[in-house]
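*Asks:* From just these sequences and the hints, can you work out the full model?
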Amino acid sequence: MTDWSFPPELWSAVGLTLRLALVSSLVLLVLGIPLANWLNTSRFRGVILIETLVSLPIVLPPTVIGFYLLMVMAPQQPVGAAWVSVFGHPLPFSFAGLVAGSVIYSLPFAVQPFQAAFRGVGRETIQSGLALGLTRRQVFWSIVLPLSKHGILTGVSLSFAHTMGEFGVVLMLGGNIPGQTRVASIALYDEAQKLNYGSAHAYAIVLLAISFSILVGIAFLQRKQHAILLSN
Amino acid sequence: MAEMKKITLLLLALLALPLARAETLLVAAASDLTYCIDELGAAFGKQVPGAQLKVSLGSSGNFFAQIKNGAPYDVFMSADMSYPARLAQEGVADGATLAPYALGRIALWSLDARFDLAQGMQVLKDPRITRIAIANPEFAPYGRAARAALQHHRLWDTLKDKLVFGENISQTAQFVQTGNAQVGIVSGATLSSPRLKGMGSRYMIAETDTPPIEQGAIVTQHGKTNALAPLFMQFLRSQAARDIFARGGFGLPRAKAVPAA
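Here the protein sequences come in this chain order: B and L.
So in our numbering, spot 67 of the first sequence is number 70, and the numbers just go up one at a time.
So in our numbering, spot 184 of the second sequence is number 186, and the numbers just go up one at a time.
Hints in this document: simulated from the structure, not taken from any laboratory.
Treat the hints with care, as some may be off.
Here are the simulated lysine to aspartate or glutamate pairs, EDC-like style, with alpha carbons at most 20 Å apart [as the list claims (entries may be wrong)]:
1) L:Lys162 x B:Glu12
2) L:Lys199 x L:Asp118
3) L:Lys164 x L:Asp128
4) L:Lys164 x L:Glu140
5) L:Lys164 x L:Asp114
6) L:Lys226 x L:Glu92
7) B:Lys197 x L:Glu92
8) L:Lys48 x L:Glu25
9) B:Lys197 x L:Glu216
10) L:Lys56 x L:Asp40
11) B:Lys152 x B:Glu127
12) B:Lys197 x L:Glu140
*Replies:* Pasting the structure below:
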């Protein structure tokens, strides 16, 4: 085994990873709830295509997302130029760029658990809400959503964990700037390139420990959601 | 029974396959050789009829780790001298065979017509340049050279915050090509590639601005049993090979360049 060493950058890189995961999963919480509800209830015929698009990142290599963001968001391209005029700086090589990539990359990991949780709320529960004179919107916000809280937490935690594991998007789009885009997975790769296997181990163990804890938490939440739906 | 015999013969034939190995040479080649390795292989095949190169292209650091862990390459053409030297120290390559075969060159490159690269390195002071791409100086040899050139021109400290780092020289070029960085310091080899030839404007950075980027080749322990390995090492010093490197955007090591007989 290689000798152990704690790279000085360890906590700043891990901190950046956690910040990226947190911001991305919060964005997904806000976007994901209405999207999941719309996918569940829409009568629009093309909804299956939208649903497929949302699921695509599960199978799509993250490098595809990184590659197209890099091409489309370049300051000379129309979309990239529009971004620059609004935010003042280009999307690639910035924290915001990584958030944009991560939101796309982790979208299904938030939306699918949301959809499953909303669907799990029984028809009778919804009917009785409507019978009490609530609108569909009120039923969703005051009945379906509270009953789905564990499923929502599952989606948020899953997308958080998935973003922690991100590598390809950041590699394509990040530009490896310390404190801004050099997340822990990239720092680990760099240490391995430098043959500093000791430091690479340090990053790997920390990532492993955090990911494991999150997954244990998710397993716990899923059991709870199951119990709620059964008792309902 | 006859079936059995056929199968046995087939198995024996398969066993004999590795004997044909002497006709092929497994080469682990640094990524910056991408555009001239085929030509090198063809020229080598002409010198040694029937000889064939089987090439894997990749990062020298990755090859170092792979060869150390028993990857079956015969010859390692690194992008620097230190990886092969370390392999020799570790006893997995033959230190006596280590020799520089080419010198990396670096160049400023931009697709943005607003910048006149003929000014040389001083063009980087232009405030309209907000992103400069270089390879990661922590581990990429071309990144180290780019840093040395910036330091040589006393630009490193003022421009540090504008730098973005490619994982390797190809990604650095990609940042420039997609327009995400207005200027980059890339390799002469990348700019000589068929895709980028004649694209944008370029300025070759003087070889005296940086320590030489010597690229070394070495025969691995695994390659010692391959009769083609020493022939290939000799070929790399031949005039034919040197011409290919020069056309491919490399400098040439002064070395004991004895043209192969």
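*Asks:* Each hint: holds or not?
*Replies:* The hints, checked one at a time:
no.: 1; hint: L:Lys162 x B:Glu12; result: 18 Å, holds
no.: 2; hint: L:Lys199 x L:Asp118; result: 18 Å, holds
no.: 3; hint: L:Lys164 x L:Asp128; result: 12 Å, holds
no.: 4; hint: L:Lys164 x L:Glu140; result: 17 Å, holds
no.: 5; hint: L:Lys164 x L:Asp114; result: 16 Å, holds
no.: 6; hint: L:Lys226 x L:Glu92; result: 16 Å, holds
no.: 7; hint: B:Lys197 x L:Glu92; result: 17 Å, holds
no.: 8; hint: L:Lys48 x L:Glu25; result: 13 Å, holds
no.: 9; hint: B:Lys197 x L:Glu216; result: 18 Å, holds
no.: 10; hint: L:Lys56 x L:Asp40; result: 10 Å, holds
no.: 11; hint: B:Lys152 x B:Glu127; result: 19 Å, holds
no.: 12; hint: B:Lys197 x L:Glu140; result: 7 Å, holds
Every hint from the earlier list agrees with this structure, and none is contradicted.
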